[in-house]
Amino acid sequence: MKFSWRWLNKIIDLQNKSLGEVIDKLTLAGFEIDDIEYHKEINDTTINVSITSNRADTMSIIGLARELSTILNIKFLHHSYNQYNFDVMKTQNNQASYFISNNISDLQLVYINNVKLTSSPKWLQDSLIGCGITPKYFLFDICQYINIKWGQDIEIFDTKAIDNNKFDINLINITNVLYSPKNEQYSEFKTIKKNISLEGLKYKNQLISIPGFESNSSFHCKPQTSSIIILGTICKPNYIQNIVQILKYKTEKSCKHIKSISRNDFAQAYEETINLILKLVNYNPQNNYSIYYKWHESPQKLNTIAIAEQNIYDILGPINNKNNYLAIQSILQILQQLQFQPEYKHNTFFVKIPEHRYMDIQRPIDVIEEIGRIYGFNHFNREITTNYKHGYNSQLNIFINKLRLRLRDIGLHEVIHYSLVNKDNNKNTIKLHNPLLVDQTHLRYNLINNLLNNIIYNNKQTNVSIECFEIGRIFRKRLESNNIQAYSEDINLAGVMGKNEFSKTSWSTKGKMLNWLQAKGLLENLFEYLHMKIIWEQIDPKDLINEYSDFIKISHCYRCAILKNQITKEIIGIFTELNIQYRKQLKKQHRIYIFELNVLKLIKAVKPRKHLHYSWQKYSNYPSTIRDISIILQTNMPVSATQNIISSSHPLIESVKIFNEYHITNHLRSISFRITYRSYDRTLNDYDIQDIDNNIQFLLKQLN
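For the sequence shown, UniProt numbering assigns the number 1 to the initial residue and increments by one for each residue that follows.
Please note: incorrect hints may appear among the correct ones.
[Stated by the list, open to error] Below, in silico cross-link-like pairs of lysine to aspartate or glutamate (EDC-like), each with a Cα-Cα straight-line distance of 20 Å or less: (1) 604 - 528; (2) 202 - 214; (3) 604 - 490.
FYI, nobody ran anything at the bench for these hints, they're computed from the structure.
Please read these numbers as outputs of a predicted model, since none were measured by experiment.
Work the whole structure out from these sequences, hints included.
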């Protein structure tokens with residue numbers, strides 16, 4: 001936007017300030033100077049300033065002068081220019097109640113008859129040329145002068161063009177109108193949508209103006225105009241924005257109202273317009289001059305913002321080359337320059353934001369930015385203070401990092417998959433309402449499916465399958481006890497283990513595949529490292545709960561276990577071997593073991609050792625006796641139960657250990673136990689040994 005340097009000097013005291021100094025201050029304050037042009041014929045300099053959309057209050061001579069007054073801390077030459085009308089009252093002066101509008105904040109209409117126009121005075125023409133505006137004729141120049149000076153929207157219409165016979169001011173009203181923009185691409189626009197109220201100023205059936213949007217150019221003043229009406233309006237930005245969005249059409253006037261026009265300057269600008277016209281025309285006391293309508297809506301209550309003193313110091317930092325910060329008195333002075341009406345109490349600054357700055361000053365950080373801008377950001381220390389404090393790391397994140405480290409130590413590679421998956425038959429999956437892609441329509445409900453798909457993909461690419469794990473979020477829907485559907489989000493750990501050559505006795509021998517006990521041992525080492533109390537329970541895949549129902553079809557019928565919290569007995573996850581049928585689908589001959597565990601439940605199973613517990617046990621000086629027995633058990637019967645029965649059968653039994661297993665049929669197996677007898681106070685005799693043997697035989701008969 002272009003401004004006249006000479007005009008600015010007539011409003012504020014820039015006598016001791018050079019143009020270069022003012023430009024430097026504007027640049028440091030956030031304004032960009034696009035161009036500077038000197039006009040020799042009028043001895044004036046035009047400054048082209050780029051103004052951001054949030055600083056619409058500076059898009060006028062008075063607005064920029066106020067900004068310079070704040071930045072340079074200088075006074076206005078005329079005190080009235082720096083006055084803010086904080087006490088605008090709701091007023092109405094008209095003969096027609098239908099002028100009242102909810103979309104217009106300020107409106108004033110004046111009728112002047114018998115005007116004898118003269119040419120524009122030279123000072124008026126020079127002022128417009130200095131702002132990059134070409135003068136035309138008197139009334140046009142007056143409108144341009146007021147609008148560039150005050151940033152208002154004031155128009156002058158020719159009443160003879162509106163009604164050549166006999167103009168009656170009482171026939172003007174504001175009503176809803178049908179509007180068709182002049183742009184050709186909108187020529188078919190005939191009606192207004194229901195959710196917009198488009199208000200227009202009409203005389204009889206003729207549309208004079210749509211306030212805040214566009215006016216009828218055929219009614220604009222001409223050099224020979226002798227009777228005029230002066231219209232000044234300020235429309236609510238939301239109302240104009242709504243019109244622009246629905247009509248998909250904007251004008252220069254609409255952009256001005258959307259950015260917000262200062263209501264504090266409306267009365268002064270309108271009054272100056274009337275005074276200039278009456279002063280510069282050949283005024284006749286017989287002129288018919290009347291204020292037909294005046295409307296001012298009650299202003300909004302000034303927004304009060306509280307800014308903690310420490311918050312200002314934390315954000316702006318110390319002053320250059322000094323360890324001290326901005327003094328309280330300096331901050332108050334800057335806030336006073338900004339017309340923020342500051343108050344300081346209890347280490348807090350309270351400010352009231354004036355109406356012309358309410359669009360861009362809404363938060364405490366905005367006020368702090370203004371303090372730094374006016375004082376000068378170049379005066380603050382630019383070095384960032386070194387912070388030696390570590391960021392907060394949650395216990396969950398620490399635990400997950402330990403999991404990752406330990407799983408990598410045992411040879412697993414971490415992988416990451418997308419949380420969105422294709423449609424699945426599982427009833428617990430959550431469907432997206434607006435998916436990005438056809439194959440990403442649902443949220444994943446487990447991690448193991450993606451890991452198995454990883455194996456399939458590597459097979460197709462003839463890559464070597466890797467043993468891997470993933471830690472990620474899963475999403476499920478479930479029914480609550482009151483039959484209300486709910487959604488849950490959990491963090492799970494899943495992994496795949498198994499390869500052809502897991503272990504070798506020597507380099508020359510062929511490697512052996514990973515077996516059940518070795519795979520189980522890897523997980524047990526993980527649990528022991530993290531101090532988890534976990535118990536394993538064998539389970540038939542058909543008995544798996546809904547949460548792990550997808551494991552039913554892929555699990556080995558005899559090698560499937562659920563993991564529980566040893567104390568609470570809460571199910572934590574599942575560990576199983578893939579069955580032969582699914583291994584064939586994966587085109588793998590070796591055994592593959594999979595697991596999926598709930599991380600949050602794993603954390604609950606952690607029982608760290610706060611100190612060491614030593615078990616003191618008396619050592620026997622007497623010899624032991626060993627018995628080896630074989631027991632035929634059903635395949636699905638846990639061996640640990642048999643061990644506990646034998647151990648508790650007699651107090652002289654020291655230990656019961658397994659040393660052999662032989663499968664007889666699919667449902668029967670022979671287990672060999674080595675039982676050690678020992679006494680702490682004597683050597684066992686034949687009678688003692690026979691008594692122990694009889695007890696064991698009796699219990700085993702009951703067991704079978």
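Tested hints:
Among the hinted pairs, residue 604 with residue 528 is consistent with the structure: their alpha-carbon atoms are about 14 Å apart, no more than 20 Å. Of the supplied pair hints, the one linking residue 202 and residue 214 holds, its CA atoms being roughly 13 Å apart against a limit of 20 Å. For the hint pairing residue 604 with residue 490, the CA-to-CA distance comes to about 14 Å; that is within 20 Å, so the pair holds.
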